[in-house]
Amino acid sequence: MPTVFHPTIAAITLRGLLGRRRSLLIALPPALLLALTIGLRASTNINSSHDFGWPGVVLGQIGLVTLLPLTAMIIGTSVLGTEVDDSSILHLLATPVSRATVLTTKWIVASAATLVFAVVPIAIAAFIGTSGYVDNPGPLDMTFMPIKGDASEAVGVIVAAAVGAVVYSAFFLFLSVVTKRSVAVTLIYILVWESLLTRQVSGLRLLSIGQYELGLADQIGHLPNLGAHLTLGTSVVMSVAFTLFALIYGTRRLQSFRVSGEAA
Amino acid sequence: MTIDNIPAQRDAAAAAAANGGPAEIVLDNVTHWYGNVVAVNDITMTIGPGVTGLLGPNGAGKSTLLHLVSGFLSPSRGTVTVAGQRTWHNPDIYKVIGLVPERDSVYAFLTGRQFVTATAKLHKLPDVGAATARALAMVEMDTEAADRRIDTYSKGMRQRIKVAAALVHEPRVLLLDEPFNGMDPRQRMHMMDLLHRLGDSGHTIVFSSHILEEVERLSGTVQVIVSGRLAASGDYRTIRRLMTTRPHVFQVASSDDRALGAALIGRPSVNGVELTPGGGLEVRAGDYGTFSRELAAVAREQGVRLRAVLPADESLESVFTYLVAS
Numbered sequence: 129m130p131t132v133f134h135p136t137i138a139a140i141t142l143r144g145l146l147g148r149r150r151s152l153l154i155a156l157p158p159a160l161l162l163a164l165t166i167g168l169r170a171s172t173n174i175n176s177s178h179d180f181g182w183p184g185v186v187l188g189q190i191g192l193v194t195l196l197p198l199t200a201m202i203i204g205t206s207v208l209g210t211e212v213d214d215s216s217i218l219h220l221l222a223t224p225v226s227r228a229t230v231l232t233t234k235w236i237v238a239s240a241a242t243l244v245f246a247v248v249p250i251a252i253a254a255f256i257g258t259s260g261y262v263d264n265p266g267p268l269d270m271t272f273m274p275i276k277g278d279a280s281e282a283v284g285v286i287v288a289a290a291v292g293a294v295v296y297s298a299f300f301l302f303l304s305v306v307t308k309r310s311v312a313v314t315l316i317y318i319l320v321w322e323s324l325l326t327r328q329v330s331g332l333r334l335l336s337i338g339q340y341e342l343g344l345a346d347q348i349g350h351l352p353n354l355g356a357h358l359t360l361g362t363s364v365v366m367s368v369a370f371t372l373f374a375l376i377y378g379t380r381r382l383q384s385f386r387v388s389g390e391a392a
Numbered sequence: 004m005t006i007d008n009i010p011a012q013r014d015a016a017a018a019a020a021a022n023g024g025p026a027e028i029v030l031d032n033v034t035h036w037y038g039n040v041v042a043v044n045d046i047t048m049t050i051g052p053g054v055t056g057l058l059g060p061n062g063a064g065k066s067t068l069l070h071l072v073s074g075f076l077s078p079s080r081g082t083v084t085v086a087g088q089r090t091w092h093n094p095d096i097y098k099v100i101g102l103v104p105e106r107d108s109v110y111a112f113l114t115g116r117q118f119v120t121a122t123a124k125l126h127k128l129p130d131v132g133a134a135t136a137r138a139l140a141m142v143e144m145d146t147e148a149a150d151r152r153i154d155t156y157s158k159g160m161r162q163r164i165k166v167a168a169a170l171v172h173e174p175r176v177l178l179l180d181e182p183f184n185g186m187d188p189r190q191r192m193h194m195m196d197l198l199h200r201l202g203d204s205g206h207t208i209v210f211s212s213h214i215l216e217e218v219e220r221l222s223g224t225v226q227v228i229v230s231g232r233l234a235a236s237g238d239y240r241t242i243r244r245l246m247t248t249r250p251h252v253f254q255v256a257s258s259d260d261r262a263l264g265a266a267l268i269g270r271p272s273v274n275g276v277e278l279t280p281g282g283g284l285e286v287r288a289g290d291y292g293t294f295s296r297e298l299a300a301v302a303r304e305q306g307v308r309l310r311a312v313l314p315a316d317e318s319l320e321s322v323f324t325y326l327v328a329s
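First to last, the sequence lines map onto chains A and B.
Going letter by letter, the first sequence gives residues 129 to 392 in this note's numbering.
Going letter by letter, the second sequence gives residues 4 to 329 in this note's numbering.
Extracted from the complex, chain B is given alone in its bound form (with noise of 0.2 Å):
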């Protein structure tokens, strides 16, 4: 299913198009403390269209960084701007910005449609039924759970209803703060799906997770921030490549691993060779360009068949391990 076979995303694709285009986020030396204690420190970033995933520990620095970028902090030091404007003191942002914030907190008094149709009006929106009912579909939610009070929402359905009103301005930059919390599988491959597409058409969609499971299956660039620090930035299969201090661990099914394990410990690029119990063999390569290029040439001079080569430790979960580890 393409963006363009949905009414509801294709007109958001549109519409963010119309309201000048893909916006970028950029920090510049960010810095921000809480007392004595620093939260960020010196964070210099630029987050481009498509979705960005932030990924860190509990108490890393995730959300400071979130609340930075929708305006709710000020920075300590440095500069944060939205699609070229500060964020700080400046309520014009959220014509560009959508909040969905971590807490659970909204107007559970209200149902679900009067929730999104007053964000609409107090965005001014020049035709707030249609706004909203395009944002309730966004989400799933046009049913008759929408003219129920929020109060009596399970908490996947609170967090849909506050993507909605987030969404309901379209907005080009989408900031969501855990938000897969209290879903269930079938909500979370919804709001993947839905989060997907809108970085696909142009949105810039900026998310907090300590979950690697959603940040892989949703995002392949990554910002990973450590103690406050950005330890990492990019496509998350690029940083590992990168780790040249780590050796990279392959799992490798031959028709004679034993003679190919003893040819492969020979070459300069193979740091250790060792045989798996249940058959093959995990190498692990110091060079990652180097054992690509030489495994087949080896496995051609000794004869051996080659059936399959894994790299066996290129999941976000070794990138972040060894990120949060150095």
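With the rest of the complex left out, here is chain A (with noise of 0.2 Å):
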């Protein structure tokens, strides 16, 4: 039975993490949310319904399926895919330790990191966002609901995040290793089947991580506006099997790594 966790591994692979230039990149986008989200918030006018509408489109549409993935994306090519393109990974697969091995602690350190880059931020954004409103601001017009203003709404958006590191971290990883254009490939799922088709056709929505996270997001906070449509179960239930996948098929991938070879 492998074990799980190298340490050897983890410790390589956060030092290539973070003392590469592109993962400067990665504090780019929680910056820019948090700037959003302390924006919003000084603005808000707790006497308008309207006002109530923004931290679910925030926390929601830019913190959830546009922040967590592109920062998961830059360290789950970088953890794994760089070392495929340069051949670098060689020096670890030619030695006795198991690919599932190398594979699963690779995954432990991306969704680490993904957690302290993009999830930390987005909870700092959804205490923010979701806190010290009044529970009853006046009239409202009923468009929106309005938020509780409880720890609730943010606990939803937390655990969202953090279940969507882990699944993206085990996908972007598991596309690190099948393609050599991991980034392409993984900026196409985010902005083309993401963003784009999984809002257009219903039916796709079961195979988007994104669609995951705001169902477990919705169906523990309550947050309005999020955009949700898959229930607590289904959204548990792919979660798992969607990083199960990746991580079982990403295994045999390396287990049957390649070196690209000269042609006589």
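Check the hints yourself; a few may be wrong.
To give a feel for the contact side, a few chain A residues facing chain B, derived at Cβ under 8 Å [to be verified]:
1. Val132
2. Thr136
3. Ile140
4. Arg143
5. Gly144
6. Gly147
7. Gly181
8. Asp214
9. Ser215
10. His219
11. Leu220
12. Thr223
13. Val225
14. Ser226
15. Gln383
16. Val387
Quick caveat, the hints were computed from the structure, so don't treat them as lab data.
Virtual Cβ for every residue (Gly too), placed ideally from N, Cα, C.
Two chains, each in its own frame: build the complex with the hints.
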């Protein structure tokens, strides 16, 4: 039975991740989210029902569906994709360590880094965006459901973000193993599949990690305007299935890792 | 200097013996193709302890062959084993194999010592510190350079640190893909010396190169790959002698070149004789063995004293040129 975590691989992966120049990009999306949240919170008029609509949109469509996958993409493709591209992965693979251990260790590192760089900022934004409201701000136009202003809405977003970090990391690692163009493929997944197609074609939402997150956030915290379409059960089952598929099939592909050779 | 004088090599030799003794690489009817292109075509060979050079022009299939042996490519047909174990889908094979890839990519953000130490830990060696120190000493990197980041290294130093990492677990088989790329002459000499000693101590060393001089200096045994096929195998001087369809060229100097030449041209074993401008004869002989025996007899019959007899085309370059041309 291979071990799930190898500290030496984790240390090399983490140093490689944080030492690369592209890792500076990791900090950019969370900074934008926090700036946007603080700005909107400061300008919120608690007596206007319209002003209660933005936290769900910002935390859901920007935080969970855009910031989180972009951060997970930068991290996920860095921890394995770059090593595959430049063949430095050979130095790890030419050892008796099981390929499953290599993949799961990198998945744990990628998930942890995504938690730090995306989920923590989303959590801060969630608390800023949903707390401090009065229970009854006055007459409301019922187009929008007012937020409750308690912690449950923020908790729903945070749980969803944490689950998303784990599932996205597994999926993007899998893509790093199966394609040499992992950055391009992950961008297409985020910008075309999740942001475009799954919004237009309801049947595709079953294959969207972003929709699983929105489903979790909605069912746990009931924050309005998240744009969720899936139930809690579906979101949980599909998150687990997606992660297991990515890790198992990714391991199988890593076990059959081939050096791209010269042709005669 | 013998291997017993160098603690690091002596330890490696002892470890190789302790790890199960010499290991053979066996390829049995191995073919590998990329799409429609056949990169390695039905190669059967056995490589034992000592230093063996994989020689061939660029694109001949040398790297493909090394990747097949190192378990990073699967044979499309045939089998590859090292020390009796298959190499594909078998991570345990890396207890036996050390691999030095051609590409320069290493974890450049680590120091040389950290890189070798990490490799030792991945191999779960009992004494990581001692193994790292021994490996660094073997490649003469046990200096302050070992504590510098690899991205500050020259290409030659990167090659040496890759070799140290490949040797840290004292493998019985060491595979090196174009190991001398980027090394300066002194580093090449040292690396050749190291590989020689490892080969002499019972390790199976296989390296690929397209530079004839490197192979000629490092290894008498060659596997010549041309267009994916094994064109020749063995000691290159023996290979040359077996190439009977090519006349063997000798430079002969004697006390009377003209008389000796006239007598030699009448012999069936001699295809041609030419007086060379600077003195001496160039003799093309069809049969190496017969000519070698007859030359002395002819000289004696003619009363001519032989001053020098040198095979002029027994170099690896000649062998390689003939094989590629055919």
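Okay, the hints, checked on the actual structure:
1. Val132: violated, 16 Å
2. Thr136: holds, 4 Å
3. Ile140: holds, 6 Å
4. Arg143: Holds - the Cβ of arginine 143 (chain A) comes within 8 Å of chain B, reaching about 6 Å at its closest.
5. Gly144: holds, 6 Å
6. Gly147: With Cβ-Cβ at 4 Å, under 8 Å, it holds.
7. Gly181: violated, 46 Å
8. Asp214: holds, 4 Å
9. Ser215: Holds, about 5 Å.
10. His219: Hint on histidine 219 (chain A): holds, closest Cβ of chain B at ~6 Å, below 8 Å.
11. Leu220: holds, 7 Å
12. Thr223: Because about 4 Å separates threonine 223 (chain A) from the closest Cβ in chain B, which is inside the 8 Å limit, the hint holds.
13. Val225: holds, 5 Å
14. Ser226: Nearest chain B Cβ about 6 Å off; hint holds.
15. Gln383: Because about 6 Å separates glutamine 383 (chain A) from the closest Cβ in chain B, which is inside the 8 Å limit, the hint holds.
16. Val387: Since chain B brings a Cβ to about 4 Å from valine 387 (chain A), closer than 8 Å, the hint holds.
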